[in-house]
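Trainee: Protein chains in written order, with the working numbering: chain A, -19 to 146; chain B, 17 to 776.
If you're looking for bench data, these hints aren't it; they were derived computationally from the structure. Predicted model only: the values in this text are computed from it and were never measured. One or more of the hints may lead you astray.
Some but not every residue of chain B turned toward chain A, in silico, with C-beta under 7 angstroms [to be verified]:
#1 194
#2 315
#3 701
#4 709
Output of the computed footprint for chain B on chain A, the stretches with three or more beta carbons under 8 angstroms from beta carbons of chain B [said to hold, decoys possible]:
#5 -6 to 0
#6 11 to 22
#7 30 to 44
#8 53 to 66
#9 105 to 117
#10 130 to 137
Glycine included, each C-beta is placed from N, C-alpha and C at the ideal position.
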Amino acid sequence: MGKMMISATINGDAQQFLCDPAATLLDALRDELGLTGSKEGCGSGDCGACTVVLDGQMVCSCLVLAAEAEGRKIATIEGVAEGSELHPVQRKFLEKGALQCGFCTPGFIVASKALLDHNPDPSEHEVRYWLAGNLCRCTGYDKIVRAVLDAAAELRQETTTQRVSA
Amino acid sequence: MNAPQDKASFKPAYDVVGTRPVRPDGVEKVTGKAIYGTDHVAAGMLHGAILRSPHPHARIRSIDTRKAEALPGVKAVVTGADFPSLASLEVSLGEGSGNIAAISRNCMAHEKVLYDGHAVAAVAATSAVIAEEAAALIEVEYEVLPHVLTIDEALAPGAPVLHEDMFTKGLPEKPAEPSNAALCFTVGRGEPDAAIAAAHTVVSGRYSALAVHQGYIEPHACVASYNADGQVQVWASSQGAFMIRTLCASILGISQADIRVTPLEIGGGFGGKTKVYLEPVAIVLSRKSGRPVRLAMSRADVFRASGPAPGVVADITVGADADGTITGVVMEFKMLSGANPGNDTHSGAMSALAHYNVANCRVTGWDVLCNTAATAAYRAPGAPQTIFPVECCIDEIAQKLGLDPIDIRLKNAARPGDVGIMGMPAGEIGYAECLEAAKAHPHYSAPLGPNQGRGIAGGTWGNYGGPSTATVNLGEDGSVLVTTGSPDIGGSRAAMAMMAAETLEIAYEQVRVTIADTSSIGFSMLTGGSRTTFATGKAVILACEEIIATLRARAAVMWSIDVSQTEWRGGAVHCLSGDKAGTSLTMGQIAAKAGFSGGPIAAEVALNAQGFLPGFGVHICDTEVDPETGHVSVTRYTVVQDVGTAIHPDYVEGQMQGGAAQGIGWALNEGYVYDKAGRMDNPGFLDYRMPVCSDLPMIDTVMVEKPNPAHPFGVKGVGEVPIVPPLGAVANAVSRAIGLRVHDLPLTPDRVYAAMQGKS
């Protein structure tokens, strides 16, 4: 069987790409679209390094077929920053030393942003369970959890300020 | 950052060292731009696949590659026959040595396969799908041989022998027959048997731990490109680009100058990326196909064919006086090193008692081979396995004598000047300070709830120095470019920039750090042994000092004065005499005119860093055991460590926390499991259960900063020590929670529950 042509919105841009029918969304992002920020750590949905947001839903892109992306919206790590302006989650990961090797970091940042989009004021317990599908072998998670809690606090403050000024 | 500590009590003299700036490679890593092993693409690149043995032990009778070669899109198929047949040759590799023939045969089996997952053939094709399909078309005829998986099986009389030419080393006489025991190594002093016989209190036991994987999230990957003139490029994620160069050159008979290895970002290593698996195979595929070739492991490949740390069985007896003084220790341990001789036996034996002053001891280690993946270094290789039994026994003695578990360790702790087991006096070590800090920490006196227990354990790792090269170049604007050959596995670029900035008395942001390929900088030993911030850092500091000397000389030329009449202060040269006295020249001012004062301003330092000191840690662990299931939760955890001077405290704490988490995984969840056919039963993250975020509490850290006098800023290694104490700390916590000792790791719910039920 030949390749399929898929149209999808990726990080806000309309994109078309070719894919093998058996290819995963992760393969298509990395190999067809050159978006190598999403990583393959296991290929079985256990490590979360390939986490993306598909139509508002956090998924492991290694468990989604590329063909399933047809007509849908996909947000990857490459779309988290606004131009050269880092998202508060990204900035807090840097300020808090929440990465060492950095390989799991894109997945953690996409997942953490997804959490804060849903729940602006998570407890430590909620952060830990939300991120339980993302493996990090370097940090012991301590600084990651602190970075996410700090980013949440900062985002809440910004939202409040905006509300006041509006 | 999250521990009570008096900041004013240390590093008063530094402006940059001890601060927590953002790492220079940080933005690339939080935006997904950083290029790791499988992210690199070469023009015209082919995709490779490796066929791996389904048998743990078999002779290869024949390999028929014709069907694979005939598949459209296949550009090369290689087997062991495509590799030079090498005589046995030992090469030094940093964290241990290696036999080139064994390393080559581990990359690609020649006559025999030695474990489930051993590579037997490889394919390069125009797509990964075609490569996989072609690999499946290769027909291998095996003569399946009986296999051994455990120490008892491997050492049983008449056991199948992995290597017919392997005779146990280290015995008084060479054995008459080959066996699976590669090495016996004994270290000791005094009269341990007599001391134990005369002791007031004696405890003993047999302890075990399973083989565990380093568990880096990035699978091994590389791209190799062989050109018709014999020059080779390799892009790979590893702990040592020079290690890859050395091994590929030796395995394939290529000049080192013809192999240029570019280090990509590394997605974790922990010792497991100190070996080659794919690179020589990718080079041979590229040579045969004429195109660049990418090889990458799947997660199952990573588990089956790369690095676990050896499992261990240890028999130990410890004797003590009534006051808790340890009078004698005898320990015999066996490391299960997998398909090739391991490197953990020496270091395990040397580490076992290195944090205590024991007058009478004998530690005997055996390196035992079996039909599982050849083991690799894992963070403080060998030390967790041998210190675990020691820390459990000390805890039992404390309980028997009614002593506080920290007090008994303080009584026996190795201190500066104490003569170690090799007859050398200890330097400025900080174990006693760690024990004091642990005792003073609020965690240690916090109340415990029902079903909870608190465990203490100490540990140590020798750390290392070794060869490193660094260059420092000034831009024409005076900005500073530091180049090293040490892969940055956890933030060392930040540490290099900070030490350079501190030496030059300039801002951290004025310094940028590059990790160069092997053709662009002189040799550095791999990143391992907790050596990089110490040894490569020393090279960076000395190169910066040369830059200062050069800048002073250039300023002296510009001012027409003697260099002795200049002074370096605040990142500038100050004039002390002549008509320019009182004025100064910045780095930028001197660099802009460097062409007129002698040429570009650069320095290179190549050194063999001496004077490294061991690190020490004390961990406090609270566990809660569910009486209905035997499930163990870690409810509170504190890591205290002698870190020397912490250059970047965030990354020092990160090492302490990450090492503790890995050790907790080893103690509670992780282990290699094989079926009866010798195939790994849990080669994936679902069944090989590493700690996840919801498994752990915050991990509190206390940095005890006792500087190393042999380093300009007092650096000791920090990365490896923190995986050593958790095995004992968790086991001691569980034993105090349930009132009895479980000797075998991991402390899985079924094991703990059975122990609580009084079953064996």
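Trainee: State for each hint whether it applies.
Mentor: Against the structure, the hints come out as follows:
At its closest, the beta carbon of residue 194(B) sits 38 angstroms from a beta carbon of chain A; the interface hint therefore is violated under the 7 angstroms criterion. The interface hint given for residue 315(B) is met, as the beta carbon of that residue sits about 4 angstroms from the closest beta carbon of chain A, less than 7 angstroms. For residue 701(B), the shortest C-beta to C-beta distance to chain A is roughly 4 angstroms, which falls under 7 angstroms, so the interface hint holds. For residue 709(B), the shortest C-beta to C-beta distance to chain A is roughly 4 angstroms, which falls under 7 angstroms, so the interface hint holds.
Judged by the Cβ-Cβ criterion of 8 angstroms, the stretch -6 to 0 of chain A is not covered by chain B as claimed, because only 1 of its residues qualify and three are needed. A count of 8 residues in the stretch 11 to 22 of chain A with a Cβ less than 8 angstroms from any Cβ of chain B is obtained; the coverage claim is therefore met, three being the minimum. For the stretch 30 to 44 of chain A, the stated coverage by chain B is not satisfied: 0 residues place a CB nearer than 8 angstroms to a CB of that chain, which falls below the threshold of 3. Look at the stretch 53 to 66 of chain A against chain B: 6 of its residues bring a Cβ nearer than 8 angstroms to a Cβ of that chain, three or more, so the hint holds.
Note: the stretch 105 to 117 of chain A has 10 residues with beta-carbon separation from chain B under 8 angstroms; the three-residue rule is met and the coverage holds. Under a criterion of three residues with beta carbons nearer than 8 angstroms to beta carbons of chain B, the stated coverage of the stretch 130 to 137 of chain A fails, only 0 such residues being counted.
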